[in-house]
Amino acid sequence: MPNRRLPTLAEAAEILARRRTRPARRPAPPAGRSLAPLLKTLDERFGQGPAALQARWPEIVGIELARRTEPVRLSPRRGDGPGVLEIRVAGPSATLVQHRSAEILERVNLFLGAETAGRLRVVQGPLRLRPASAPAQIAIRRRPPPLDAAVEAELSRDASPARTERLRKALVALGRSVHRNHPPTP
Numbered sequence: 552m553p554n555r556r557l558p559t560l561a562e563a564a565e566i567l568a569r570r571r572t573r574p575a576r577r578p579a580p581p582a583g584r585s586l587a588p589l590l591k592t593l594d595e596r597f598g599q600g601p602a603a604l605q606a607r608w609p610e611i612v613g614i615e616l617a618r619r620t621e622p623v624r625l626s627p628r629r630g631d632g633p634g635v636l637e638i639r640v641a642g643p644s645a646t647l648v649q650h651r652s653a654e655i656l657e658r659v660n661l662f663l664g665a666e667t668a669g670r671l672r673v674v675q676g677p678l679r680l681r682p683a684s685a686p687a688q689i690a691i692r693r694r695p696p697p698l699d700a701a702v703e704a705e706l707s708r709d710a711s712p713a714r715t716e717r718l719r720k721a722l723v724a725l726g727r728s729v730h731r732n733h734p735p736t737p
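According to the numbering used here, the sequence shown is numbered sequentially starting from 552.
Keep in mind the hints are simulated off the structure, nothing from the lab. Values in this document were obtained by computation on a predicted structure and should not be read as measured data. Treat each hint with caution, since some may be false.
As the list claims (entries may be wrong) - What follows is a set of in silico ranges between Cβ atoms, one per label pair, in the way DEER data are often shown:
hint: 1; residue 1: H650; residue 2: R679; range: 21 to 29 Å
hint: 2; residue 1: T715; residue 2: H650; range: 56 to 64 Å
hint: 3; residue 1: V729; residue 2: A641; range: 34 to 42 Å
hint: 4; residue 1: T736; residue 2: E716; range: 51 to 59 Å
hint: 5; residue 1: E615; residue 2: V635; range: 18 to 26 Å
hint: 6; residue 1: E615; residue 2: P578; range: 26 to 34 Å
hint: 7; residue 1: D709; residue 2: T736; range: 17 to 25 Å
hint: 8; residue 1: R679; residue 2: L586; range: 54 to 62 Å
hint: 9; residue 1: G664; residue 2: T572; range: 48 to 56 Å
hint: 10; residue 1: A587; residue 2: R670; range: 46 to 54 Å
hint: 11; residue 1: H730; residue 2: G676; range: 35 to 43 Å
hint: 12; residue 1: L586; residue 2: R670; range: 26 to 34 Å
Where is the CB? At the ideal position from N, CA and C, for every residue including glycine.
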């Protein structure tokens, strides 16, 4: 390939001025702008559905029921009437859920809006596995308050005749546990 000289800035500007180029295409408008009115009308017509319920289910029905149930489907309203909420229930808890159906419907309607769900359909079956990030009842272990200094001194004095240090520590720990769970009555 022969050694070719690059054009200078002035020559490059002249070349570009002579050539006709297509104008740059405008980018497409954001999809959210045109979908927002449609989504709003669909939300007004059919409600938020079970996805909104699943995210906040323990808050709506309580932790005990949330462990045994999960919302599956929220059938749309027909005309002016309310829809049907379908709940999957694990095992024999279906009877408990059936008895508390009025309370569950009241709480769901409070969350989604009045008259969203009018009936509750209970389906027995295995629950989906909840992700690790799902809120669960977390047992918080709290450090027990310290015992009175006189009680600690008495425990140490009573455990001092023990043969080994390990046995002495175990006896002191046992004494602390007994004093915390069953404090002496005056």
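Using the Cβ atoms, figure out if G664 sits within 48 to 56 Å of T572. Taking Cβ atoms as reference, G664 and T572 lie about 55 Å apart, which means the hint holds.
Whether the CB-CB distance between E615 and P578 falls inside 26 to 34 Å: violated, 52 Å
Can you let me know if the beta-carbon spacing of A587 and R670 is within 46 to 54 Å? With Cβ atoms ~31 Å apart, the hint is violated.
Can you tell me whether the CB distance of R679 to L586 sits inside 54 to 62 Å? violated, 29 Å
C-beta pair T715, H650: status relative to the range 56 to 64 Å that was hinted: Since the Cβ atoms of T715 and H650 sit about 58 Å apart, the hinted range of 56 to 64 Å holds.
For the hint 34 to 42 Å, verify it against the beta carbon of V729 and that of A641. At 40 Å between Cβs, range holds.
If I claimed the Cβ atoms of L586 and R670 lie 26 to 34 Å apart, would that claim hold in this structure? holds, 31 Å
Could you say whether the range 35 to 43 Å given as a hint is met by the Cβ separation of H730 and G676? Cβ of H730 to Cβ of G676: about 49 Å, so the range 35 to 43 Å is violated.
Satisfaction of the hinted span 51 to 59 Å by the C-beta atoms belonging to T736 and E716: violated, 33 Å
Could one say that the CB atoms of E615 and V635 fall in the range 18 to 26 Å? Distance hint for E615, V635 holds at roughly 24 Å.
Note whether the CB distance of D709 and T736 lies within 17 to 25 Å or breaks it. holds, 20 Å
Are H650 and R679 spaced within 21 to 29 Å by their CB atoms? Since the Cβ atoms of H650 and R679 sit about 24 Å apart, the hinted range of 21 to 29 Å holds.
The earlier numbered hints that this structure contradicts are 4, 6, 8, 10, 11.
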